[in-house]
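Undergrad: Note that the protein sequences, when read in sequence, are chains A and B. Residues in the first sequence are numbered from 1 upward in steps of one, following the numbering used here. Residues in the second sequence are numbered from 480 upward in steps of one, following the numbering used here.
None of these hints come from the bench; they were simulated from the model. Please note that the accuracy of each hint is not assured.
Stated by the list, open to error - To give an idea of the chain A side of the interface with chain B (calculated C-beta under 7 Å), a few residues: (1) Gly48; (2) Val52; (3) Tyr92; (4) Phe275; (5) Pro278.
Claimed, not checked - No more than 27 Å apart at the CA atoms, straight line, and that leaves these computed lysine-lysine pairs for DSS-like: (6) A/Lys390 x A/Lys315; (7) B/Lys837 x A/Lys81; (8) A/Lys448 x A/Lys459; (9) A/Lys446 x A/Lys459; (10) A/Lys166 x A/Lys304; (11) B/Lys858 x A/Lys81.
Since the structure is predicted, the reported quantities are computational estimates derived from the model, not experimental observations. The beta carbon of each residue, even a glycine, is placed where N, CA and C say it ideally should be.
Chain residues, written in single-letter form:
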Amino acid sequence: MSAAWEVVIGLEIHTQLATQSKIFSGASTAYGAAPNTQACLVDLGYPGVLPVLNEEVVRMACKFGLAVNATVAPRSVFARKNYFYPDLPKGYQISQYELPIVEHGELFITDEAGKEKRIGITRAHLEEDAGKSVHEGLDRHSGIDLNRAGTPLLEIVSEPDLRSAKEAVAYMRKIHTIVRYLGISDGNMQEGSFRCDANVSVRPRGQDTFGTRTEIKNLNSFRFVERAINFEIERQIDVLEDGGEVVQETRLYDSGRDETRSMRSKEEANDYRYFPDPDLLPVEISEEFIDGVRDTLPELPDDKRHRFIDDYGVKQDDAAILTASRALADYFEAAVAASEAKPQVVANWVIGDLSGALNKEGLEIEACRIPAEDLAGLIKRIQDNTISGKIAKEVFEAMWAGEGTADAVIEARGLKQITDSSAIEAIVDKVIADNPGQAEEYRAGKEKLIGFFVGQVMKETGGKANPGQVNAILRSKLK
Amino acid sequence: MSSNDLHTQGLTQLARGLENGGFTAVELVTALLDRVEAHDTELNAFITVTADTALQAAERADAERNKGETGVLNGLPLVHKDIFCTRGVLTTCGSRMLENFVSPYDATVVERLAGAGAVMLGKTNMDEFAMGSSNETSYFGPVKNPWDLTCSPGGSSGGSAASVAARIAPAATGTDTGGSIRQPAALTGTTGLKPTYGRVSRYGMIAFASSLDQAGVITRSAEDAALLLGVMAGFDVRDSTSIDHPVPDYLAGLGESLQGLRVGIVRQHFDAGLDAATGNAVRDALAVLEAQGASLTEVDLPNLDLSVPTYYVVAPAECSSNLSRFDGIRFGHRAGNPEDLLDMYCRSRGEGFGAEVKRRILTGTYVLSAGYYDAYYLKAQQVRQLIADDFREAFADVDVIAGPTAPAPAFRLGDKTDDPITMYLNDIYTIGANLAGLPGISIPCGFASELPVGLHLVGPHFGEEQLLRTAHQYQLQTDWHTRCPEGYA
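Same shape as in the complex, but just chain B (with noise of 0.2 Å):
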């Protein structure tokens, strides 16, 4: 295979031809590199390009290969979403706030994959501090959607997406705290996956809602996800939240067929609030999952209508509280010429932060203070833990649950900016997981208004095995995350 079109393929194909030798991580990552440079002006899916070093960790890469010395992710290119700190790196979080912040050290996940041999290529675009479902809340300005560049590629992980649905790279890494890995998945096309809370270190991931957040995987298909996820996983001394659970061998139970899946399909997903191209792509899905032997079930969740509320309670009173270490003071933004401390407070926090961000601070601040918290906050906990028994009651009877990712494609950018409550119902299907601490994927299943839907399927805790297998074996029925953007091609 030519140097030429390297960037079509996926990881697990990659790997291959960096084992085969036909060709090396040094043609492999400058082939990416001019992806990057032929495509990302109009994208605006990077924040900043590692160029020297990714070309020198390529060298490295083919040097120990040639030594026989190989991490399973030896040479394979990849990108990380500006949350993830990356030594020596400007680390953004797509914020003003950080504009200038090179971090002094590597977060966990960072350094896995580095450990595995995996080479970064850049930091990509987010919404800022990952509040956002559309990327538009970037400082950096928005990511455009590689399947229409008028629409937005969704958010908060829009770089990471839109890079991969772009055959910028092969495979981004993600954080998702209300559905910021599987709705971008969704919206451009690619596969992503939020792990189970606890899987995956936290640990140099600037932190914006921590029983929430969880790092996970932007890719091609299921197999490199899983691959990816292989690395990434497991118990961090440093993430006191993270669980010392085995880490499985997820490729080992990807060829495993559907048969006897008991999938459930919850009804509440699938009212007046859904698209119904959207619809017609998902219930398509199920009916191929069906024929691969897995049996549909009705399952309810009866307190899934409070998850939005009880998310807009639960994530912006732990960003209140997380951002405050954006004072001014140590690193970050800092207002000039301050008149005293509360001034340089005021100032420097007012200019650092964006408009979505401090309206989630300020609801925060609202939602933990003396005499509201018991009605919110306190109430909110209540609700969240009901939620995560409605799964724990699902997951009784069925193995995974599916449904739409995102109530529709992906939409104009622009449109839903002055409706931030439109803009959070853009998470519906999605926030319960994360509300339950559960793993989630979403997979391309076909189109709506030409542009590309997701299915999502939601499995027990410490379940990605079967969600990797599910997708899987689903990828290998259809073609629908083969389907390239044009002129990315």
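Next comes chain A alone, as it looks inside the complex (with noise of 0.2 Å):
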């Protein structure tokens, strides 16, 4: 990218609020049902049917409010977001506008420079969300599922703070960790429950005004955010380069051509027509009601970092991985508390041996096959010299393959390490016999080899010597 130019991006972040029934409608939000099977009347909007606020998603929304530092309105109105299409079966989309239930919030990020930064949140609002619309499989028809239709939704607006692509999936990351720490949505892209909209434009560098953004619609991973905003980026600087203008517009990644096409124009745009729904009173909050959802509040991602490290004494990207996921922090946590060993070396099997054998497999630590208090009671065994780290490694495989906690390992499979000297002594003994020559030249300064005997004296034992013990015995014995 050129030096000359400096980009501007916001992203408009959708988040699916995690509630069992809808914004509007007891209908259930379950993803996966067979279509327009979990869609009541009020969905559908029939003749006559009224909407009736889900409590829970203001609960939801206050909760992410105040762990942004938003203030939480006082009072928000709901209003419809006029137009035609559809999967809306309205013809109007409830949504906030006006009045938004969220406003004025922050977050830090950590820019590329590894330096703090502070990135504004505009407005967070609740919304229903739209149905479906099924285009493929039904022979020229086009189909409509609207078991998605009033899904509540809390969109999240961030001002035009991000720098660079890089800083903008940054900004994305800590706010999908802080929904799923709050447990106000679970976050799963590929279902759609978190995506976003990201707003573009490059400008010279040292110019005040904004240059002319285009909208990126719908991108439901971080790779094609960092992927849509970058092709997005050349694509203005070349437009601007070439003595072009850029047109404000709406456009559409497609990521198998890893490019952005334009959807439509602001010409094109919809006046959305928004009123206040007379059908909806305006949701008013006390401050005794916020103060209760405070009490709620779990410890923030930010706040469980600064404690892993200042508490645990973990190394600073560690503790920010180990954070990144409530459970996973969770987990570090029960087995440092179980294993008594230094916080650190549990780090390092967690991100290290555990997260390697989930990401193989694509799991999330909430369906890990070995409970932190076994991981810690393999960290004993390491801790009390019953087995090597090199050891340790064969027994995570069987405790993952399912042969049950490091003890039964241990003691199913013989991979207690051998600490008896007379024993260690007879195959140190074996081994010097059998290599003559090498002996002969490590007495002769080529100290170097030491490795080469005790290689030869695991291979003996089976990798159950104490290797402490075996290197001194060594030593001593090639005097």
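Using the hints, put the two standalone chains together into the complex.
TA: In structure tokens:
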């Protein structure tokens, strides 16, 4: 990217709230049901039906507002956004417009220079999702599935504070972490529970006013966000450097071709004719309600990360990884408590072998096969010299494969470390006798060969000898 | 009393007859279905007659009464305006758009009345989507006024009013967005009550203008209206705008005298726009109230002249959005062989809606558009607040405000259809109560050119008891409400 241009990005993130029922009806929000089986008369927009606000969504929006240090509005108003589309049953979407429930928030990301950077959150408002149009496999017809219609969404709008695709992704990840910490969204991006629109513009570095922006719609993975924004930045710079002008428009990202394409221009944009929904009363939130919600807030990711660094002495980068998900952080803390080992040792296991095993199978920590207490049991056996670090990896594999606790695996496989020095001495003697040439060279000063001898002894013992002991005995016998 | 004159009785009287065993619900319903048969061809008050289910419901009511388990409306027949959703029954809203729409559920009003034992005889004709003041915008043709078949019964609840006036049904439900219960009640010599906004649930009532719509009743007397309101009123969890306010026993207070009642008179109500004979009938009615111990005071509603223009911004705005759901996709009329989606939308709506509905959708779309919202919609909401404030100040000094319901008696069908503004002005006295969310009642108070005249009473929020008492006391002194159009006795 040219150093002459500055990039300006703002994100609108749509988070599906994890309620049991829809925002304005009692229908279930569960994902994956047969089409149109989870849409009641209210969701279908039948004549005469009326929306009734699900109080849980207010509580969830309020939680989010408090978590990003925002103002929770004492009075917010639902408005109708009017447009026609087959998967929009009422011909309008109930959303919030002039008076959103959350305003003036902020969060902090680590920018590309490694410095902490504040990103403003303009607002977050509640709205209902639309249904889904289905165009495939219906023989020149289009189908409509209204299961998703009326699903509660929190739309989180950032200030145009982001200056690169990487920052945008860091911000989006941070929001993702926060909503999952709060338990207000499952954040499942494949199912569309967490997606965003990116507003992107560029301007000559040093210019105060913003360049003309384009909006890239419906990005549903962190990778796509980064690639779509980078494509769009390059495209806009090319247009401007060729003497052209960026057109204000909505664009779609095609992940197959890795490019954005024009969807509709500003002129073609709908006039949504927003007005307050007369079927719903303004949402009034008392101080008591907010205090009640505040009491239920969990420890937030930034606080947890600092605590891991300060209280556990975990490395900064590791603390960031461990606190990226609340469940992972909880797992780590449970393992630390049960193992009595140094927290960094536990962190190494959690971030290393355990995360590796999870990633290999595409599992989240919630689906981990080894309970934190069992991982702690394994670490304990390293600490008390029952097994070596190397053998521990084998034990871990076996535990992952479902062979039981560390102790059970060690017992069943006979992996207990040999610490009896007379037994080790006998093997050392044999190894030296079997390799007279190497022993000669060692004695002549080629001390690097100690590694060869340790290796041979370990091979003889099936890795079970205590490496420290082997080393010491070898050195004394080879003198 | 023989079953030949059951139709002449009002609800309260019929309730006593059923209770005393003078006749059965089946006899009553049969007699009234005969009335439908005999008179509806000329009146066109019904869109659907539910004879079979009515007789079944009447049988159930009789069986329940024999077991001693009776709701307060057990076996009492009534008709529903076709704006209320009725499960398994055609619910058209007077529109081609819903010509074949069978509702899968009951409106709260329908459910509550049926729950108390009421028997639905059928669904009544109305202006399309309740948009009209003459019943002439109905896709199913205009309703005739039983007092003069060449005249309109008013609207939009014209079928409900005509069926009660013609002694086909003792009572009817209606809805009132700008006067749609009270104006037809006035034009047909019936009693029409529009409760406080939020008093009765709007769930299942097909929305025209959500912030103004309110369900109510058309009956032969204030006492009958009180009986029905007691059943219909009350909070409904399915309607967030219904108000959780205790429901009093509306019948209990009817007997108190009007001694000390403070009646407010609005001078503008009696200016040049009012038909002279109508004005005389209303002034006579005020004198009757005064003779009963009420005091008359002039009150000022300075912004009242803005109510019609305000209404015709707010109501179309809401209607333009409320009627967006009629898109031909899930229910209602869908144009044949659409070329594409836009064609399907345009022709389904173009064919399904009539001219007045289209006029209001276009007006509403315009006033909400970017660049016009502030000048129209927002301004109208501000004026609406001023009008509500005027009423609040007036009610600091008076208990009810009295005046004419409509500027003139029933007009001839076809007379105003070419001039929407003149038609809109028919609601000039009633619209204020909708904008301010206040209860209002129209009761018969005389005749002008041999057609009924209505006295309009408006009360403060939740002032239904006072309105019903005033109306009832007036009806004890007068017999206008018992007058029957010729040929329907």
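Undergrad: Work down the list of hints and note, for each, if the structure agrees.
TA: Comparing the hints with the structure gives:
1. Annotation: A/Gly48 was flagged as interfacial toward chain B, and the flag holds, the nearest CB pair being 4 Å apart, inside 7 Å.
2. Interface restraint check: A/Val52 against chain B, minimum CB-CB distance 5 Å, threshold 7 Å, status holds.
3. Given hint, A/Tyr92 at the interface with chain B, holds; its Cβ is 5 Å from that chain's nearest Cβ, closer than 7 Å.
4. This hint holds: A/Phe275 has a C-beta 6 Å from the nearest C-beta of chain B, less than the 7 Å allowed.
5. Evaluation of the A/Pro278 hint against chain B yields a held restraint, the C-beta minimum of about 4 Å falling below 7 Å.
6. Taking the CA atoms of A/Lys390 and A/Lys315, the gap is about 23 Å. The hint holds against a cut of 27 Å.
7. Between B/Lys837 and A/Lys81, the direct Cα distance comes to roughly 20 Å. Compliance with the 27 Å bound is thereby established for this hinted pair.
8. Distance hint between A/Lys448 and A/Lys459 is fulfilled; the C-alpha atoms sit about 18 Å from each other, no more than 27 Å.
9. Taking the CA atoms of A/Lys446 and A/Lys459, the gap is near 21 Å; set against the 27 Å cutoff, the hint holds.
10. The straight-line distance between the Cα atoms of A/Lys166 and A/Lys304 is roughly 23 Å, inside the 27 Å bound, and the hint therefore holds.
11. Restraint check: the Cα-Cα separation between B/Lys858 and A/Lys81 comes to about 20 Å, which is no more than 27 Å; the hinted pair holds.
The structure is consistent with each of the numbered hints, conforming to all of them.
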